[in-house]
Each structure stands twice: as C-alpha cells, then as structure tokens.
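**Student:** The primary structure of each chain is shown beneath.
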Amino acid sequence: MAHDSHPTAAPIARRAQALKDALDRKKLIPDGFIEDFTKLMEVDWDPANGARVVARAWVDPAYRELLLRDGTAACEQFGYTGPQGEYIVALENTPTLQNVIVCTLCSCTAWPVLGLPPDWYKSFEYRSRVVREARTVLREMGLDLPESVAIKVWDTTAETRFMVLPFRPAATEGWSEEKLASIVTKDVLIGVARPIVPT
Amino acid sequence: MDGIHDLGGTNGFGTVPHRINSLTYKPVFHEPWEHLAYGLLFLGADRLRTFNVDELRHAIERMEPRQYLAAPYYDRIVVGTASLYVEKGVLTQAELEELAGGAFPLARPQTEGRAAGSPRPHFEVGDEVVVTREFVRGHTRMPKYVRGKRGTIVHRTSVEWPFPDAAGHGREARRQPTYHVSFDARDLWGETAEVSAVVVDLWEGYLEKADE
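If you read the protein sequences in the order shown, they are chains A and B. Numbering-wise (the working numbering), the first sequence opens with residue 1 and increments by one. Numbering-wise (the working numbering), the second sequence opens with residue 1 and increments by one.
Treat the hints with care, since some could be wrong.
[To be verified] Within a straight-line C-alpha distance of at most 25 Å, the following computed SDA-like cross-link-like pairs (lysine to any residue) qualify:
1. B/K149 - A/L97
2. A/K152 - B/V154
3. A/K39 - B/H35
4. A/K39 - B/E98
5. A/K122 - B/Y73
6. B/K26 - B/N11
7. A/K27 - B/P32
8. B/K144 - B/G14
9. B/K149 - B/F123
10. A/K122 - B/G117
11. B/K149 - B/N11
The hints are simulated quantities; they were obtained by calculation from the structure and are not laboratory data.
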C-alpha cells in the first residue's frame, strides 16, 4: 500500500549497490576493505570458535575458572577478539538452570565466538517473545525443558556480549576436545539448545 | 525512544522461524548484496569514522515504523547506514536515488539527544536499584519493559562506554560502566511469566539506588 511518507523503494539489491557505488565514486572505499571484512564475517567469526572455548572449559578447570571470571581474556587465548567481542561474559548452565541470550532492541551478538547472529535470532518473533514466554518459545523450537529447570534470559542491551557455557553431558567421558566441541552448536551457545550426545 | 524497535514483551508475533540445530549457518549470507550492509557500515564507523555504531542503531530506530517492520534485517542496516552518510554530508539522497534508479527512503530526522548526567559513586554487586522513569525521545538503550522496575545488580563491567543517549546523536558522551541487572520476571510480566529472571545490561545513568 503506497503511503505519502513511505514511497515504494527501489529493490534492496539496487539500493545496497547504489550505496557502495556512491561511496566508490568518491574513492572512499579502500582497496580490499569490503573483501577483507566479508572474509571476517563469512570465515573467521564462527560458532566453532565458541565451541572450542566450551570444550576447553570442560576439560581444564583453570580455564573454566578464567572463562567465568574474565570471558574476554579466555577467548583472547584462542585469538577470538575483534568487533562485538570486546567484553565477553560466559553464562554457566547447570542441570537446573538454562541461560538464554537475546537482543530485544536490535541484534547484538558476540561475533568472534558465535559468528554473525542468525536470521531467527534477529526475527521479531524471537526478540519480542523470549524475554516473556521463553519456555513456550524454546518448546516450539524443539527444546522442551522440564519445569524443574529455571530459565534466565539475558538481554544484550549494552556492550557486554554473552555466550552460554552449557554443562557437560554425561556419557562424554574420555572425549577429546575436538569431539566435545562438535556437540556445541551455535544454538547451544545462544542457549536455545542443549548439547546432544549422538547415540 | 519508545519506538517500533523496542520489541521486548510485545504480544502478537508468532512462532520463531527455526528448529534448533537444523542449520549449519553456511553460507553466512543468502543474497549477493547482504555482505555490503555490514561492510559499508563498518567502513563508516571503523575506518572513515564518519559516525559511530550508536548512531547507526539510532538511525535504524528512526526509520518510519511501517518501513522498519517491512524491511528485512540487512535492508534496515543499509537504510540506517545510508541515512548517516547523507546526514553527515558525505552523500546526498539524490545521488543514491539516481544510482538506485528509484526511491531510496531514509530514516526520519534526528533529534537532539541528551547528555549523560554528572558522575556519581558506582553501584556494587548486590545493590538493589530502580530503573529511572524517564521517557526519552532520542536514542536510549533502556528497553521500556524495565522502565521504573526494581532489580538487583549481578555484575558491574570493568570497562566504561560512551553514554548511548548522547553518542547515538553524535554528541560528546561521558563514559560509564554498565550493570547486569537481574529482574524478577513476575515484576515484569506478572504471574504469566515463563522465565525466572531477565537480566538487562544497563548504563549507570539509567539507574538509581532503590529505597530500603
């Protein structure tokens, strides 16, 4: 529906390209800047990074203590730093507590350890509902928590970037860090899933 | 601002479009233009220093609400970023529309914002605090669902950041620590709350000490 203050816009692909071309025309985009930043987003910032942090915390009590005391320093040990990773706080789950992360105001996420936020995390559905009806939202997404598990939701409204430290499932004794990391998904790091041991 | 973006607790939205662990999250971008959104944002915020990320957040909040709701996420980033390049005098809307071959609606006009209050003693972990009952027209990072609510401080950041209500308007912004404030969910949502607590990360200037 047309509206006076809301003219029909050109397609977003053309508007995005127009913004780039306009800046390019003024020689404001340094050579390789977009390519390098895109590589960071597509390759370097990955939930596998957060998974390695979790796996290390599961096997190394001193590292776990550091992660819970100073998450930024713990992630730095792996080189996971950069924009949206300047102040990282890890939230410890227990069998009776599930921490869940959201950004109700926009989309803030710990990029270096979780990767860019997924589409569903940025959806109006998730942003509006999870602070209020998390149990239903998680159930709809496939995590049916018993009433004995309390849910704590963390709203990323400032500069702290959160990651969830899940508890280590039984039946993973003797696993290598690499194997442990393989069950820590992006959804686990956000807190909407728990690690699942394949049977 | 009490804008369309301040979604926490809003009723009416349906099922989150996701089943857990169903995605590999690769490729990261789904459309060939999407990477340009953050790329051109960080060009302006990080490299050229034309604007800061608080201003970007506020530019998106200033989108006409119907446009905000209808635009996909990276479209909103493009609109916010383009709006700032235009407001800062780097580009004009006319040249963007000429290059796009059609309309390029931008954010609605900027307001003044507000400065941070005077420095005062920090709060400590365990302190009971109340979120100020302020109705801010400009940028703020206090979601309205905690306005006037009482909570308990569980963490004070060891780093201080520019007060966003000023920084989001390009103003000089005094730095403050932020606090992770835990709210009993029943104080926010009554007996229908399905969470035990909601923890919100709030700048010092949004908080006052609670009465005993």
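**Student:** It remains to establish, for every hint, whether it holds in the given structure.
**Tutor:** Comparing the hints with the structure gives:
1. B/K149 - A/L97: OK: B/K149 and A/L97 at ~24 Å, within 25 Å.
2. A/K152 - B/V154: Holds, at roughly 13 Å.
3. A/K39 - B/H35: 10 Å, holds
4. A/K39 - B/E98: 30 Å, violated
5. A/K122 - B/Y73: 7 Å, holds
6. B/K26 - B/N11: The hint is violated at about 31 Å.
7. A/K27 - B/P32: Status holds; Cα separation ~22 Å.
8. B/K144 - B/G14: 21 Å, holds
9. B/K149 - B/F123: 16 Å, holds
10. A/K122 - B/G117: This hinted pair is violated, its Cα atoms lying about 32 Å apart.
11. B/K149 - B/N11: Holds, at roughly 20 Å.
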